[in-house]
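Single-letter residue listing:
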Amino acid sequence: MVIISKETRVIVQGMTGHQGTFHSGEMIKFGTNVVAGVSPGKAGTKVNGVDVYNNVIDTLPLKPDASMISVPAPFVRDAALEAMENGIKLIYILTEHVPVHDTMELYHEARRKGVFMIGPNSPGITVPGQAKIGIMPNNIFRVGDVAVASRSGTLTYEIVKAVTDAGFGESTVIGLGGDPIVGTTFSDIIKIFNDDPQTKQIVLVGEIGGNEEEKAAKYIKEHVKKPVTGYITGISAPPGKKMGHAGAIIEKGTGTAESKIKAFEDAGIKVASYPDDIPALLRK
Amino acid sequence: MNLYEYMGKEIFRKYGIPVPDGYVIENVGELKKFEYPVAIKSQILSGKRGKAGGIKFAKNAEDLKTYSEQLLNSTINNLTVKKLLIERMLNIKKELYLSITLDRATKQPVIILSADGGMEIESVPEENIHKIYIDPMVGYSDYIAREALSYLPIENRKQFSSLLESLYKAFVGEDALLTEINPLVIDGENNIIAGDSKVIIDDNALYRHKDYMITDPDKTELENEAATKSFTFIEMDGDIGVIANGAGLTMATMDALTLHKLKPRNFLDLGGTDNIEIVEDAFSFVMRARPKLIFVNIFGGVTKADTVANGIVSSKKKFDIKQQIVVRLSGVHEEEGQKILLESGIKAFNNMTDAVKELSKIQGVE
Chain E
1 MVIISKETRV IVQGMTGHQG TFHSGEMIKF GTNVVAGVSP GKAGTKVNGV DVYNNVIDTL
61 PLKPDASMIS VPAPFVRDAA LEAMENGIKL IYILTEHVPV HDTMELYHEA RRKGVFMIGP
121 NSPGITVPGQ AKIGIMPNNI FRVGDVAVAS RSGTLTYEIV KAVTDAGFGE STVIGLGGDP
181 IVGTTFSDII KIFNDDPQTK QIVLVGEIGG NEEEKAAKYI KEHVKKPVTG YITGISAPPG
241 KKMGHAGAII EKGTGTAESK IKAFEDAGIK VASYPDDIPA LLRK
Chain C
1 MNLYEYMGKE IFRKYGIPVP DGYVIENVGE LKKFEYPVAI KSQILSGKRG KAGGIKFAKN
61 AEDLKTYSEQ LLNSTINNLT VKKLLIERML NIKKELYLSI TLDRATKQPV IILSADGGME
121 IESVPEENIH KIYIDPMVGY SDYIAREALS YLPIENRKQF SSLLESLYKA FVGEDALLTE
181 INPLVIDGEN NIIAGDSKVI IDDNALYRHK DYMITDPDKT ELENEAATKS FTFIEMDGDI
241 GVIANGAGLT MATMDALTLH KLKPRNFLDL GGTDNIEIVE DAFSFVMRAR PKLIFVNIFG
301 GVTKADTVAN GIVSSKKKFD IKQQIVVRLS GVHEEEGQKI LLESGIKAFN NMTDAVKELS
361 KIQGVE
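Residue numbers (the working numbering), protein chains in the order written: chain E, 1 to 284; chain C, 1 to 366.
Just so you know, the hints here were simulated from the structure itself, not pulled from any lab data. Here the structure is a predicted model, which means the values were calculated and not measured. Incorrect hints may appear among the rest.
[What the hints assert, rightly or not] A few chain E residues that face chain C, going by a derived Cβ cut-off under 10 Å, partial list only:
(1) Gln19
(2) Thr21
(3) Gly25
(4) Thr154
Yeah, the Cβ is synthetic: ideal placement off N, Cα and C, and Gly gets one too.
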């Protein structure tokens, strides 16, 4: 188990919103210890039986150590800075369409303060049998030893379900987020998975754009003994077009599916052609 | 969003970066009395405009009119010229390169400098390109200009320092992904002037910059229209209309089709929705792209499978869809969705590979 557990005390910024209400409810059902909600002007109300406060500072007596941020994009920077300033050490940002200048500032502020930041535009993190912070469907997981890191939401569910249906289970599943800049990258998470005793093998789900997959492949080649399986999406994407994810764009021949697949193969990573092929490549 | 040169120069002017005097026309009736010689610059979003004949120089009013008539509505690098920028000619002594962009690897703004301006930065040898990284939480400081000046043959240090600071302010203030000046011109009087502009604004930050709400010339008509909807729609050149949910799954769907020698007509990420009208909207765009066959690939989560199923059935009626629709439904409310489709005679799979195989069979490709 890494990053979060049953004991992690979670607040939800934007808890009274549509997404905040629904997903905090699902998180509680999954076993997550949601200790408070934060929605400015909504103090005194309850959502899913949990008290809502106006500010993060008002929740500090409850000793929160993680925050899920589910507020509209224009308010994400402010909400995340509020959480970091109040000493929250794990911040997960669900929201998509956050301006990249805002994310860039949050990235550097998080590194400076030693905050583990996931997202934006991410489905979150799930440790089956322990807790989830995010929006992944509850019923696709089983406790096990396969760690999954992915840049996509729905595709993560597709792959986790395939892994579970094939009789495996997951140690940790993390969606890094589909934006050009996100708080946690493949390189960060691969080190954590490598050190996690529960994780026996790793699945990386990458996509076109950027060079994080290539960097992770280099690290795996040099440091990781656990078996790694990979899948890269976007092989059919036309250059210059943004494929839904702001980060998924091929520019001037870099960040292509081909270069990422080659980097994976060079690092000894087994590469699947389809999401459905992944279970067959896992070590029994 | 890419901005035209004249729009980029308006931003430069706003931040105090010197640009040549000039004005924009859409027809020759708008030509003004101006100091000659002038440059006539086609406003298209394409590099190598000059080489393609998109920039001309006029010594007098007669030339100006002739060249403007030639350029307006002509096609350069496959783009139609709708506007011209008429600018005072600069007395160029030296051309340099200067830009600020977002470095994805270090997640920082980076200033890129070169004493070789006026050409494509990609063709300048690596050792002649200098990079200065800025910590976004610390911001700009004067030492950055001093470092930059150590790489560039510039006498007017004060003017350059002020220009660089202004460019950084424009980069941050306008939520730019790129602000580029190429060439950065040093004229006969040692003044420093932006000869051209290339500015790209972050689409996600457009709510802070409503002035740039223009039609994106990089998109097709249908794509521009779809941009106002709550899903992402991109046209491609195949024949299978695609509706999927989640950018990653939609991309994986296109990949699976391509690997099976099937050609997608479009990319459509429905996003997270529980709304039949959004499904119908999605179908309306896919149908207007005239696909031969339709593939709906849904993994329910936030999006409910039964909502999509109802949306498929109602779209079929509403748009009188004759094309065959192949559906894959998994996840939340999968059984309900499958039942709804079955009742109206649409075959649904709960696994992507099986659905793609069915499409291959219908299309007759192995």
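A closest beta-carbon separation below 10 Å is what the hint needs, so does Gly25 of chain E meet it against chain C?
13 Å, violated
Please check whether Thr21 of chain E passes as an interface residue: C-beta within 10 Å of a C-beta belonging to chain C.
13 Å, violated
Grab the minimum C-beta distance from Gln19 of chain E to chain C and call the hint holds if it beats 10 Å, violated otherwise.
8 Å, holds
Can Thr154 of chain E be said to touch chain C, with a Cβ gap under 10 Å?
Holds: closest Cβ of chain C sits about 3 Å from Thr154 of chain E, inside 10 Å.
The structure is inconsistent with the numbered hints 2, 3, although it conforms to all the rest.
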